[in-house]
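With the hints as constraints, model all of the structure from the sequences given.
Protein chains in written order, with our numbering: chain A, 533 to 1296; chain B, 533 to 1296.
Don't take each hint at face value.
When chains are identical, the list treats them as one kind, so a pair holds in a single copy or across two.
[Said to hold, decoys possible] Straight-line Cα separation of at most 30 Å, DSS-like style, residue types lysine-lysine; simulated pairs:
(1) LYS705 <-> LYS629
(2) LYS859 <-> LYS660
(3) LYS694 <-> LYS927
(4) LYS731 <-> LYS876
(5) LYS668 <-> LYS1274
(6) LYS668 <-> LYS778
(7) LYS874 <-> LYS731
(8) LYS731 <-> LYS927
(9) LYS629 <-> LYS1102
Bear in mind the hints are in silico, worked out from the structure with no lab data behind them.
Protein chains: 2
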Amino acid sequence: MSNHRHRPDDRYAPPIYIPERHLNNLRQASNLAIDIGGSLAKLAYFSNVHGRRRTLSQDGLSDAEFGNLQDEEFRRSRLHFVKFETKHITSLTHYIKDCLGDDADQVAGRTIRVTGGGAYKYTDLFEKVLGLTIIKEDEMACLIKGSNFLLNNIPNEAFSFKKNGNPEITFQKTGCEFPYLLVNIGSGVSILKVYSDEKSERVGGTAMGGGTFWGLGSLLTSAQGFDELLALAEKGESSSVDLLVKDIYGGSYEAMGLPGDLIASSFGKAARSRIAGPAREQIHDADIAKSLLHLISNGIGQIAYLHANLYNCERIIFGGFFIRGKKATMHTISYAINYWSKGKVQALFLRHEGYLGAVGAYMKGAESQDVVPGNNYGENFAFSDSFEVNEVMSKALEFLELDRLDLPLVKFPLIEGLDYQADLIDLALDTDARHYWLDIFQDGLERFCKVIRDGESNRNHIDRRIAFFKKKFLECLALLRKNPFAYGVLTVRTLLDCREQFLAEFDFYDPYIKFKQEENTATLAELPARLEYIHSLPWEERQTELIRGILGGNIFDWGSSAVVKINESKQINFKEACDIVQGRPWFVDHLEHWVKRLKRAPVQKMMIFVDNSGADIVLGIIPFVEEMLRMGSEVVLAANSRPALNDITSHELRLLLTQVLPLSPVISQAHHSDTLRVVENGLGSPCLDLSRVSQHIADECLDCDLVVIEGMGRTIHTNFHSKFKKESLKLAVIKNKWLCDKFNCPMFAAVCKYEVPDSLYNDD
Amino acid sequence: MSNHRHRPDDRYAPPIYIPERHLNNLRQASNLAIDIGGSLAKLAYFSNVHGRRRTLSQDGLSDAEFGNLQDEEFRRSRLHFVKFETKHITSLTHYIKDCLGDDADQVAGRTIRVTGGGAYKYTDLFEKVLGLTIIKEDEMACLIKGSNFLLNNIPNEAFSFKKNGNPEITFQKTGCEFPYLLVNIGSGVSILKVYSDEKSERVGGTAMGGGTFWGLGSLLTSAQGFDELLALAEKGESSSVDLLVKDIYGGSYEAMGLPGDLIASSFGKAARSRIAGPAREQIHDADIAKSLLHLISNGIGQIAYLHANLYNCERIIFGGFFIRGKKATMHTISYAINYWSKGKVQALFLRHEGYLGAVGAYMKGAESQDVVPGNNYGENFAFSDSFEVNEVMSKALEFLELDRLDLPLVKFPLIEGLDYQADLIDLALDTDARHYWLDIFQDGLERFCKVIRDGESNRNHIDRRIAFFKKKFLECLALLRKNPFAYGVLTVRTLLDCREQFLAEFDFYDPYIKFKQEENTATLAELPARLEYIHSLPWEERQTELIRGILGGNIFDWGSSAVVKINESKQINFKEACDIVQGRPWFVDHLEHWVKRLKRAPVQKMMIFVDNSGADIVLGIIPFVEEMLRMGSEVVLAANSRPALNDITSHELRLLLTQVLPLSPVISQAHHSDTLRVVENGLGSPCLDLSRVSQHIADECLDCDLVVIEGMGRTIHTNFHSKFKKESLKLAVIKNKWLCDKFNCPMFAAVCKYEVPDSLYNDD
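See below:
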């Protein structure tokens, strides 16, 4: 903490180039933990990252403006995980000592939780050098705790692997589904059944593990290391060593359903006495390595499958040194599980599998201090190393950083079906789409940076920060172009979120705040006239105009380059915006159904996921809300917790509403009687991933009859195909060329999608 | 067949010394089958063995004697199995061809069923050389059929193995209990679930099998053969290669319940990069072999256990080349199953495991000809090679021969409980007892042979036959002294049965027949006086005298050396015999309970397992039967099907009864009204193994209220502890020094054991 205070200018030095900088946070680290494996060790600690931001304040509120911009200090809580080779542990321990400082008072009472096979070996070192109290944590318990934590907190943490598949990697959409089997393949293998966050047990294991592969590989081949042996295996052809079914039966063994190419006996052809077998000198190391890999992987796969079957688990998560994201091992293990289970059991792997033990050990410490971490962490892409299959540890240190979110996130309860998928398109699957969208983000970066630079209120080091942001984001785009799996699922949503996260890292916390304030102020002035016009219309025409208004308001979107371009040439007003929207019939036009439904009965309670500031919320949503309230509905407005582009935040929306109250008696009354409420959704994204929303949202939605979602990010890029357990109304204007091509619709095509779940169709 | 007729003098040449003699039966073989494995092949065929015997005939019956001795030809059906090394298959095929003869008519229509991995390789050879029609049989189906057949027909076929246990080998008492898992470990492993004689399925398998052991062993050690590798393994110490739990954790891993000595990672210490690991040249071949054996055995054991668990089997029968009765493999597999299942699943092995495929293939042929073999075969100890653990194939040919029994045998339905054990003492467990009884049989052999020689009616080659019998039986005793497991369970019963079987092989079919006839004739003369005396007694005294009479009659036992000695010095009469029996209270004296029970109500139906000819049956049992009939009981007399010592056979008993009819109106009337019947028990033993009795017995006993068993062989050596579902009365005189010492009772102590099962105790 004091470190930052004393050297404020260093704050924007690019941390990625001097990774040791991260470790500076160690000075104020709490809850140290370390997982020491035979090859790799992982340090875990917690720190607070300090920053400055400008927000709207209620202080000194005047009629003319609905909030003052004020600077404030804030801190973000962060979990740090650092991976390094175990051989550097002594020097790293001394480095940690330097970071922690010599002050006996500071060190006193601090503890370090130690786990992993090396825990036993290095306790002396930690005790002597660090002077910290050592607490040994059970290895398996840590693995399970770490696995549950990562699955709960990191979207797309788990994935399945299919060699030469399109895609090779398929991320799991959902979080932690119990029960699952956790199979840790280190030197040996432990098989753990995880029933819940609280309950698990070791159900089995085998001594045939990674140590067997590398041990036998050492005796049988000239490979100098585990990874060299794996690489050898990938080049080998095991049929010169393995006895196949066809070698015995001349073909397949049909009575038993065994195909001819199936291995009947691993290494069966290598037997000395077998006449048909080759001499040792004729057998290639690569073939032996391949046969060995098959033997071990098939064996472990079969034993894991049998346990899954015996313990009723449909998912097996494999981890440990043997796997380490290696294609060859993931392939053979996945193949074995698929073969044995006939496709019924799924082999899964974790992006951050290497960190399980360290995460778990850290969590143990947090628990002991009653700081039980909930599901309120998120992956920090800016400081975490990306995920790559066949990754080798090319740097001295690798990092995973998790930011504490404001609110714990849970799945939106009204989602229908088990396989919710937020995103319209998976950019890992569609290469053309991937390059199109990466280009869009890359090509628009200059203009984007200009807007940011103009909007940002914190002018400190502004050009340096912009430059770092640009460089880092370009690197990220380049990485994703090469490896679309680097941060899990790659979609327009994740690209938008990634950009927001990178901005925040360089203290661009809310660069649109000034624009948003100006737009809200300007459109509030137009609201009385708009309301008056609405009120003048007959009932049915009014309902139509309200929807048209929402669509027109949705044109004002800083995220759309089409809109930004129009605005650059000429500032358009709300009326013009409404006219830009496609004429009826719209691209998706359920307007008549919607009006008919409203005519039948008012909605009892609805939740509206709002989008942009300005015309969108003020002239589009507010009049619609007023009408619904007038008809007797209870209305919940769900807004972002954190800023993202010109999206209105829940904080801003609450301030805005106080400005609206004098203009609408209906809204005023609803506000006072609490039938109109604002809740924060826990997110900071222009899109809406309903697999992770705030508990407030989850609680409020339960008795809603209707879910309204508004805006392109929330209803087109995400949730276009989402089904709900209650009625839903999706409203958006398509403002992107690529989407128009995909849907074969004109620019500014309108979507008014009103849906009733099958279960509710009992009349009409 | 003609072969024997033309060369009658050759019949008594000792077949064991010229094993090829067996193959002569091939001339009239039907249903040839062959199982060809990578190393060993097994031929199976069926033949009829012809013999001559003297029996009692009803022809020309006079009042003075109740049967004429007549010679008759008879044939015994026999299944032959011949094991030889596959490398000799070509020459053996030509030898078979020579045996079958050139006669096209004889060969035409004959088939050979072929199974095993080599079936595919050698069909050409069989077709060309033998000119037989080849029928390929599915390998796994044959294994299952063979396994079921052997389990059903061979007592003590299955056994469990415990290294350094006392005993190391424990035979299964019961036959084939479904379901079980059959795990065949050849080059690879097949796991089959056997539901019943008719239903089975392949539930799994693994490519990690014997081929993997020997394949990897070939690459890693200098062992020149599979057995050499196994021998190496037995000398090795795997902890120099395997990573143990204590190597990682410094001790046991208590949180997970893993002991320190548990292997954590097979070959984990052999890894090249591991600092603590030894260099290759420091690792002994033996240690590698041991580690390899553990790896494979533990892996297979675990996979087998998991399948047993998943498919609800409590028994796993392991077979295949990998096992072959090798201590090292049986130990590691048993250890693994016990470890994984925590003792709940049993690893079993088969004495004749190597013959499964050949037996099964033969059975397939028998089935196709509607000669479905039932459970009516028995192991021929005289011609079958004995079972030895760690056996090596030391002879060019090895044999298993199974004799067809007269009747199919089933378990006696009135046995209470699941773990029926016929025998009083297991001579494999008790070394002193083993040597005592082996001595008894050995020391008594001269006297026994003299009795046999005197009694035998067939004088053809009498001295040569006696000499061969004596030689062969002494060899058998010597073998059993060294290896008590040679023929399954070793007990007094099996020794007695073995001797009977050896006698029969040298055409001593019923050497006691003359004595039995003389004794029956003599005692029949005493019967009227005995009956008159019995009739004169008051009711209660009469019941006592009847039991005393059975005990007195039981003194006349040619199987007891104590009795033989008394008889040699002075011929005793029935009255003297009754006086020799211990005075009351007897060693086991339930007489009062028995009389009280009879007083309450007559027995509705009883089954009496009778013992000896002469005084025993005529003066002991007959008066008792008459009394029971008079009281209103239905009486079934269960007698041996085949001769054994001076035991009365069912055939003889039927003839005897016709002599009794004029002497007892009660018996005469019961005989005519069928309330007195004789049934044959399917056996030819002085003991009584109720796990295998004739279907007649099983049917008749179902509605019996009482089971009476008589004689030392049937109630002391066997069934002393047997519990029944109905009332039982066991009557015997202990006429053996060793038994007296064991029970701490005097010579000629009496046993009158009347028992009522707990379930029937509802009053008194």
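Query raised in the report: For the identical chains here, do LYS668 and LYS778 meet the 30 Å Cα criterion within one copy, between copies, both, or neither?
Result: between (53 Å within a copy, 16 Å between copies)
Query - Up to 30 Å CA-CA - LYS629 versus LYS705, copy category - result: Answer is neither; intra-copy 41 Å and inter-copy 70 Å both fail.
Requested in this report: Evaluate LYS694 and LYS927 at a C-alpha cut-off of 30 Å and name the case that applies: within, between, both or neither.
Outcome: within (28 Å within a copy, 54 Å between copies)
Report task. Pop the pair LYS629 and LYS1102 into one bin, within, between, both or neither, using alpha-carbon distances up to 30 Å. Result -> Result: close neither inside a copy nor across copies, 61 Å intra and 105 Å inter.
Query raised in the report: Checking LYS668 and LYS1274: alpha-carbon separation at most 30 Å within a copy, between copies, both or neither?
Result: neither (56 Å within a copy, 60 Å between copies)
Report task. Measure nothing new, just compare the shortest in-copy and cross-copy C-alpha distances for LYS731 and LYS876 to 30 Å and report within, between, both or neither. Result -> both (24 Å within a copy, 26 Å between copies)
Query raised in the report: Given a CA cutoff of 30 Å, do LYS859 and LYS660 count as a within-copy pair, a between-copy pair, both, or neither?
Result: neither (41 Å within a copy, 52 Å between copies)
Query raised in the report: 30 Å Cα cut-off: does LYS874 pair with LYS731 within a copy, between copies, both or neither?
Result: both (29 Å within a copy, 23 Å between copies)
Requested in this report: Classify it for me, LYS731 with LYS927: is the Cα-Cα distance of at most 30 Å met within a copy, between copies, both or neither?
Outcome: neither (37 Å within a copy, 60 Å between copies)
Consistency with the previously given hints fails for numbers 1, 2, 5, 8 and 9, ordered from lowest to highest.
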